[in-house]
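Quick note on the working numbering: the sequence shown kicks off at 837 and runs consecutively.
For each label pair, taking beta carbons as the anchor points, the in silico distance ranges come out as:
| # | residue 1 | residue 2 | range |
| --- | --- | --- | --- |
| 1 | L915 | Q876 | 48 to 56 Å |
| 2 | A916 | S881 | 48 to 56 Å |
| 3 | L907 | L886 | 25 to 33 Å |
| 4 | L886 | G919 | 42 to 50 Å |
| 5 | S852 | A916 | 14 to 22 Å |
| 6 | V921 | N898 | 32 to 40 Å |
| 7 | N898 | A877 | 24 to 32 Å |
| 8 | R867 | D901 | 17 to 25 Å |
Hints were generated in silico from the structure; no laboratory data involved. All C-beta atoms, glycine included, are put in the ideal place defined by N, C-alpha and C.
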Amino acid sequence: MPTWITPCRNGSAINSKKINQQQNLQLSQQRLVLARSQYQAGAVSFQSLLDAEDDLLTIETNLSDLQYNYLNATMKLWLALGGGVEKDSDITG
837 MPTWITPCRN GSAINSKKIN QQQNLQLSQQ RLVLARSQYQ AGAVSFQSLL DAEDDLLTIE
897 TNLSDLQYNY LNATMKLWLA LGGGVEKDSD ITG
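All chains should be modelled from the sequences, with the hints used to inform the complete structure.
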């Protein structure tokens, strides 16, 4: 199997997870807005509001990790395809 296939597959899988995580982020943001409104109205406890904030921070962290992994897989693919390798003629000018 060519060395470039693994980073390519990893990048594709990470991109799918990233899209899913972005959707989760939007839902978590909406949940936090709802939890704040409910807390201000006295309908839920402060702990419920904190839980919603914690969930949002967890999802944001996961999304950041996925973005890092995607960029890392992209870099590995670029290197596997020969990127970053200078030819002798380029060095000597």
